[in-house]
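Colleague: Work out the full structure: start from the sequences and follow the hints.
Chain by chain, the residues run as shown.
4 protein chains.
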Amino acid sequence: MNSFGQKLRFSTFGESHGTALGCVLDGVPAGLEIDEAFIQNELDRRKPGKSEFETARKEADKVEILSGVFEGKSTGTPIAMVIYNTNQKSKDYSNIKDVFRPGHADFTYFHKYGLRDYRGGGRSSARETAARVAAGAIAKLMLKELDVEVLSGISEVAGIKAEKFNYAGVKDSIIYALDSDVEQAQKDAILEAKKRHDSVGGVSRVVVKNAPIGLGQPLYYKLDGVLADAMMGINAVKAVEIGDGCLSAKTLGSQNNDQIRANGFESNHSGGILGGISNGDDIVLNVYFKPTPSIFQEQHTITTTNEEVDFSLKGRHDPCVAIRGTIVCEAMAALVIADMVLLNMGSKMDGVVKYYK
Amino acid sequence: MNSFGQKLRFSTFGESHGTALGCVLDGVPAGLEIDEAFIQNELDRRKPGKSEFETARKEADKVEILSGVFEGKSTGTPIAMVIYNTNQKSKDYSNIKDVFRPGHADFTYFHKYGLRDYRGGGRSSARETAARVAAGAIAKLMLKELDVEVLSGISEVAGIKAEKFNYAGVKDSIIYALDSDVEQAQKDAILEAKKRHDSVGGVSRVVVKNAPIGLGQPLYYKLDGVLADAMMGINAVKAVEIGDGCLSAKTLGSQNNDQIRANGFESNHSGGILGGISNGDDIVLNVYFKPTPSIFQEQHTITTTNEEVDFSLKGRHDPCVAIRGTIVCEAMAALVIADMVLLNMGSKMDGVVKYYK
Amino acid sequence: MNSFGQKLRFSTFGESHGTALGCVLDGVPAGLEIDEAFIQNELDRRKPGKSEFETARKEADKVEILSGVFEGKSTGTPIAMVIYNTNQKSKDYSNIKDVFRPGHADFTYFHKYGLRDYRGGGRSSARETAARVAAGAIAKLMLKELDVEVLSGISEVAGIKAEKFNYAGVKDSIIYALDSDVEQAQKDAILEAKKRHDSVGGVSRVVVKNAPIGLGQPLYYKLDGVLADAMMGINAVKAVEIGDGCLSAKTLGSQNNDQIRANGFESNHSGGILGGISNGDDIVLNVYFKPTPSIFQEQHTITTTNEEVDFSLKGRHDPCVAIRGTIVCEAMAALVIADMVLLNMGSKMDGVVKYYK
Amino acid sequence: MNSFGQKLRFSTFGESHGTALGCVLDGVPAGLEIDEAFIQNELDRRKPGKSEFETARKEADKVEILSGVFEGKSTGTPIAMVIYNTNQKSKDYSNIKDVFRPGHADFTYFHKYGLRDYRGGGRSSARETAARVAAGAIAKLMLKELDVEVLSGISEVAGIKAEKFNYAGVKDSIIYALDSDVEQAQKDAILEAKKRHDSVGGVSRVVVKNAPIGLGQPLYYKLDGVLADAMMGINAVKAVEIGDGCLSAKTLGSQNNDQIRANGFESNHSGGILGGISNGDDIVLNVYFKPTPSIFQEQHTITTTNEEVDFSLKGRHDPCVAIRGTIVCEAMAALVIADMVLLNMGSKMDGVVKYYK
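Protein chains in written order, with the numbering used here: chain G, 6 to 362; chain E, 6 to 362; chain F, 6 to 362; chain R, 6 to 362.
Simulated from the structure, these hints should not be mistaken for lab results.
Pairs involving identical chains hold if they fit within one copy or between any two copies, as the list cannot separate such chains.
Dumping the calculated BS3-like pairs for lysine-lysine here, alpha-carbon to alpha-carbon at most 27 Å:
(1) K169 x K149
(2) K214 x K169
(3) K359 x K149
(4) K362 x K214
(5) K192 x K176
(6) K200 x K319
(7) K102 x K78
(8) K176 x K199
(9) K63 x K199
(10) K166 x K199
(11) K149 x K176
(12) K55 x K199
Modeller: Take a look at the structure:
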């Protein structure tokens, strides 16, 4: 239940305040060059503490590969990666020990499991997504061999929307903004909320370029369904759109259909997926993040013994989780696409025969 | 790849113009009373041809149980159900035989599998969802024993939105409308599009009432992730929201958090799910359907040999697939919840000990 | 839990005295020619009532394909096959209704599920293996395209052992004997036991010829492990050997190692599998069947209310289940090998790149 | 593909000469007391270098828990355990770098993956089984709460068979012998082979005591099938028997059936499993290990470039892998039984209702 994927399968482990977190990535084809610097670089993109738009909590997030790589190449065996927690210094948790933080998973974990790791989010902390980014980096290396690219950026913060999507410019923006024209307004909204001890939501837009036609295993491991699962499973995500998404429900068929010419589709309302299978066009997703539930205003809550209290959280938290979240979206999209690439290999009998003969 | 679920697992088979379609539902606990009339009634709700708001194509959709039930009760063995196709009369397919219908899966299936069932949607046809509704009916019977209810209705058609959600009234509306005040306007929009040989999109709203706290297997079989997969995998769905969904991304943390009192949450922005686990509140989903791609206006397309043609579809099609789609959403939600109920049973060691001792 | 396989996955349904039994085979590559006569012929090989060495119960065992095949070829969608039960005539079950038959699954099913299909073996009946043979036939068709062949025969009955293994001769033996020199003695042993209202055990030997090197997904979907699961899961099987099997435990390393020369291995003690992966040599299995538990002698047993009774079974039963069982072994071996063939396709990165570029 | 189990699922990683090996155990119910000393003790039982009957290679095999345990109890989240390799000192591998060791997986891994970890067995080394023993120890702790016990010992070495099975005495035997009367002869056989630079095979006998009736998910996750897979997947295992195993094939139905009385079965030929489901009696397995393929005599082999060579292995190796293997058998049996215990929990509808209401 802590695993994702069918042929490229990753399992993660670890809690925010435990010894370490990490993952085991199973199914990487043998012979792939494993560029450790690239993996670390991806982790650094997600790492907290890089600016005032993120939590001030510092984590080294140094990844160590324990297995599955020999002389710089994948061997076909599971690649285990571990990230030791360095910033979980013993501190006073009495503030939150018995209190459910509103908007967090404390309440549901306590009732599901009957006990509580009161030191922080534990397993439900977004800190776990570091392991996804490490695994996603390897998926990206694999996709690169097929010239497939996964890109993303922030398209919306606190209702301020990008008008254009400049993926190449994302690397120059500290908030991974897609539209430099609205970037400053988005930044202002974040800092304004932060000043008021509040938080804001945001939207990540993800695009997969040059994916082969035919990815997706209908009817219950469809490309869009699995992407939706992968994205909705990221901390704080509350909605996922493929292509035009919600807007499709307001339009007419004559507007929404992507008509076809010999050299391709005339539009891409579908977001590159038809019948759960990639159609060769850009695969496009929008991923909606709620505002960080960790805010520093007083809120109503209860204790583990059902006592009502008014509660103010302390600590350091991201004012907008979508920012670092977009890196996780990219990683998850890369993992899904790489899995689908491998799964698709037995679709046609003549392909199977050609492979073996 | 044609299966869904972990402990309650269903596999479907069949094409729109083949001999039969059906499903095998595995993991139903033994001793459940199987009310066949209820199952048939659920199928009748989804059945086409009931009104001018649906395709005129008639299908009996009579379900036959082949196994897994003895003396009116489930035996713990797989329940196979079959629905024979009765309306796939031999007809002239020359019109569409070599042409990709825009907005359909013809193009992607052809490229993935290298061949084509040219008689209609084949496996990708929404006709397959009859099998989901049959399986979902059994999931509903199982949930009923736990007093859990899954309801749904149409909240939006062609941009015309419900202001209130009256689930009890849905059975009295031929378009399953949640808000009788906007129902007529929604109907008018459908018929207007139909008259123009066009189609409209719509939104289904699904609610699960009285689900136990604790459903959902973090971190990669989360309740919201699996629901998103289940819904996005339904034909024509392009977006899924949990709770406030997209709106969450525009609000502040102080607005979006559901504060807690001794008798429950003060609001339900989260849609009943925190950290991927049910919190005891109503589980709320919005499912966005694109307009039916089958329209009767001329469109650009290509043939299987990449020749450009201008093409007009003939036949009978739903002017708004969301209408019948909402019954499928209900079925899928019921299947997901029932699966999660069974999966959750080993969460606590004392529960395991109590079960066996 | 009623499914087997990863990329080629089959799910079976049905009981001995229900309406029908069948299977859904998912993952067959598109474009495979589906020879229905071959499938029926495989079923006929397993069909009861062909001679005095089998149960006298007659079953037509006519297979009907419901989906997944169009114009004689697989389409890549699930292939559902159904076999209606024709010989489950209403009869008097009062003899066995409340009594657990020794050596049968009645006792365990009753305790696991809390109820009982008292009309016969129900789901646990070997009748279900007809569905495996149908699925296995398609796996064989797929393997044939790769020149891989799965053969089997009876090597031992009631302790009388074959000295030579003539797979080509099996089709000429009514008991599928591998060694015509001991065939008559084996037949005599069966009829002798039958005369005494008793039954005998036997051994099936299975060989897979020309399987590619590299099949098997270490470490927990190994070729030998999965074959062992597949064989042990066949009704009445109590032991499985790979290659020299039990004998290996008595020998020295210097005797048991298969030394290697440029043109292949010098011996095949390993049964074609090293480290859970096929080595290109013949894959060899021995599958041990216990004597049919259905005998017509008086035995001690209890009722569902724990009352002790002395009980004599009536009816028609195979005196040696291994005979028809060998056809099931073949089918299961074919399904495992075909699954492994598909799973192996993403093992090397250069193979993946070659497939897509 | 490096994972095992359905509800209690473990994934292992690591190679014999890499940085570390370990496992992630997912699905452990929350609230189980995790006795780390017990886990280490189980590892110590499998650890090499304890006597002349084992390889002289020393490994500390210290296990470190990275996640999933808080204040001494399981939290319901994945338990990751890691064992760093301490004895993989840089040495000269030129002897085996390009040579396939007969009886080993070198040949098949090389062909499957196209490259080679030439430093030793790599992933295929039995060293990986340390991770299984760590996971199995936790399964044992879980089973202990249900009073279920998994025991094992060596019943046969080099053809010298135990006449009695004294599980309690195993802890006093350095070779885990079940029968002290033949222990010395078994030891002599091992040392005799060792002296001749050869190796011997052996048999482990495993018993599960007090397992609940009803374990096993028919028809394709049967208890006997899964146990067979689990055992056959252990390094060097070539045959698995349930209960009387191979012997069953030689007997009559009247001898082999376990007749039933009000207080239980009159015999246990079935090994505690009927129809793939536990019947409440002892579950009994025999697991046959081939002789260690690593011997120090000259053997024929080839290089990775298909050149014929005569080759003598150097190094330190177990003269009889069955000895330490029996500890792995126990661990795997415990993991299977614990998984089945969790899976069985939704079998009956009244059990489900009782759990939730």
